[in-house]
Amino acid sequence: MSTSTQRRLLQVSIAAALGGFLFGFDVAVINGAIGSVQGSESGFELNSFMTGLVVAIVNLGAAVGAWFAGQFSNKYGRVKVMVTAAILLGISALMSGLSFGPWQLIGWRLLGGLGVGISAVVAPAYIAEIAPADKRGRLGTLQQLAIGIGIFGAFISNWILVKISGSADNILWFGLETWRWMFMSELLPALIYGLLALKLPESPRFLVSIGKEDEALRILRSTGSDDNPEERIDEINRSLNGHRPRLADLRDDKYILRPVVWLALAFAFLIQMAGINNILLYATQLWETVGFSGNLSIFIPVVTSVIGIVMTLVGMSIIDRVGRRPLLLWGAIGMFVTMVMSGISFSQGTVTADGNLDLSGAWALIALTSVHLVYIIFCGTWGVVLWVFLGEIFPNLIRTAGLGLATAGNWIGGTLVTLLFPTMMEKLGLAGTYFSYAVVAAVLIWLVVRHIPETKGRELEDMKFSTSNS
2 MSTSTQRRLL
12 QVSIAAALGG
22 FLFGFDVAVI
32 NGAIGSVQGS
42 ESGFELNSFM
52 TGLVVAIVNL
62 GAAVGAWFAG
72 QFSNKYGRVK
82 VMVTAAILLG
92 ISALMSGLSF
102 GPWQLIGWRL
112 LGGLGVGISA
122 VVAPAYIAEI
132 APADKRGRLG
142 TLQQLAIGIG
152 IFGAFISNWI
162 LVKISGSADN
172 ILWFGLETWR
182 WMFMSELLPA
192 LIYGLLALKL
202 PESPRFLVSI
212 GKEDEALRIL
222 RSTGSDDNPE
232 ERIDEINRSL
242 NGHRPRLADL
252 RDDKYILRPV
262 VWLALAFAFL
272 IQMAGINNIL
282 LYATQLWETV
292 GFSGNLSIFI
302 PVVTSVIGIV
312 MTLVGMSIID
322 RVGRRPLLLW
332 GAIGMFVTMV
342 MSGISFSQGT
352 VTADGNLDLS
362 GAWALIALTS
372 VHLVYIIFCG
382 TWGVVLWVFL
392 GEIFPNLIRT
402 AGLGLATAGN
412 WIGGTLVTLL
422 FPTMMEKLGL
432 AGTYFSYAVV
442 AAVLIWLVVR
452 HIPETKGREL
462 EDMKFSTSNS
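For the sequence shown, counting from 1, position 149 maps to 150 in the numbering used here; every step adds exactly one.
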């Protein structure tokens, strides 16, 4: 592959992965705003359930968006659906910042969730379909890298805005509070993503599915996606067998859904139930609860997100050499150990009269370290592998539909765990909450050992095992 072709392939993959940036930004931006939205000065005055709903509604919208993304992308193409996601996220960013009631905010965040879910499905499917097999793992991880950078972008944006105004509650510009500008700051990256998506070539596999083989051949040649593009077109045709993908293809007479679909659903759902997103969504509140100051509690997640990006780069550098399965296994083991340590450290604290957790110096340090190690380990392993693996494991016939269903399961899990977190904090405390997450991590270890196949280096058209023995 020539240098210019490699550069073109990288540019296309980066542009598609920018949906991941918005994914990460949208999920994390609430971290700096939720305390102010919850407070009496906003006029919202949210209880624990409503607080959880404001945060979790993005996940619910994402589940719906993910479910329909596969169908829409099979009908209209990957590129048009990515542009639609950018539009939804841009509208949500602007209107969330201009909301003056809890249900308005919930409605606009629900709209943004639709965009998040769509981009979470289409971008990894698109990258998997346009990248050569030997580069698919590394290029596929661009999605997770973009998510990590988006999370960092949201955290640093929140921190800068608070540094300028002095507090998320203070008026910043045009008579609007700082927390409103936190939401509206997402409008710029949404615009950039939409404009870049308009310039992307369509997925060759989608083009073949609608009979545009000449255009698919031209794109395969321009991106260097295959050494023998004519043969690849024939293989895609054989894998589709003249059949247009549809949701009914996910069904199985014996198991209701194909075994590969159940496997993907289990992994996508359970990694959310392990509470990874709550480390980001409630990070500021978490560290305020254990005694860190407002500015410091906002800055700590910034540092964590930077380390997470570094770990993502490490995972990207080894995924095509080490393989998917070992990273998933050691990642699940690492998360289990650090979640147990988090639970132990939180159990050593005492609850004060105002409901905060008082930890001694040593235990506070252990808690700070272990909780953020959970996220750091996730970034270098599951965060890198999950979306690559889900983009690979399905055969051509059911890829976008299967990925859409798995991603919907991922966001349903995210909705449940995020919605329940404030209540779990009240009923179980931080210790009980993290011990429950450790149980989920233990289940993930078992699933990897028993059921995960290795997909490293295999052509997408060769994933026939996915419908038979997994």
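FYI, nobody ran anything at the bench for these hints, they're computed from the structure. It is possible that some hints are incorrect.
Said to hold, decoys possible - As a list, the in silico SDA-like pairs of lysine to any residue whose alpha-carbon atoms are at most 25 Å apart:
| # | residue 1 | residue 2 |
| --- | --- | --- |
| 1 | 81 | 111 |
| 2 | 81 | 100 |
| 3 | 76 | 176 |
| 4 | 76 | 172 |
| 5 | 81 | 304 |
| 6 | 164 | 100 |
| 7 | 255 | 448 |
| 8 | 200 | 12 |
| 9 | 200 | 92 |
| 10 | 200 | 182 |
| 11 | 428 | 447 |
| 12 | 164 | 213 |
Everything numeric in this text was worked out from a predicted model, so none of it was measured.
Against the structure, the hints:
Between residue 81 and residue 111 the CA atoms are separated by roughly 21 Å; this keeps the pair inside 25 Å, and the hint holds. This hinted pair does not check out: residue 81 and residue 100 have alpha carbons roughly 29 Å apart, beyond 25 Å. For the given pair, residue 76 sits about 44 Å from residue 176 by alpha-carbon distance, which is inconsistent with the 25 Å threshold. With a C-alpha separation of about 46 Å, the suggested pair residue 76 and residue 172 falls outside the 25 Å cut-off, and the hint is violated.
With a CA separation close to 36 Å, the supplied pair residue 81 and residue 304 exceeds the 25 Å bound. Restraint check for residue 164 and residue 100: the C-alpha separation of about 23 Å stays at or below 25 Å, so the hint holds. About 21 Å separates the Cα atoms of residue 255 and residue 448, which keeps this hinted pair within 25 Å; it holds. A hinted pair counts as satisfied when its Cα atoms are at most 25 Å apart, and residue 200 with residue 12 qualifies at roughly 11 Å.
The hinted pair formed by residue 200 and residue 92 meets the criterion: a straight-line CA distance of about 21 Å does not exceed 25 Å. For the hint linking residue 200 to residue 182, the alpha-carbon distance of about 29 Å lies beyond 25 Å, and the restraint is violated. Distance hint between residue 428 and residue 447 is unfulfilled; the C-alpha atoms sit about 28 Å from each other, more than 25 Å. This hinted pair does not check out: residue 164 and residue 213 have alpha carbons roughly 53 Å apart, beyond 25 Å.
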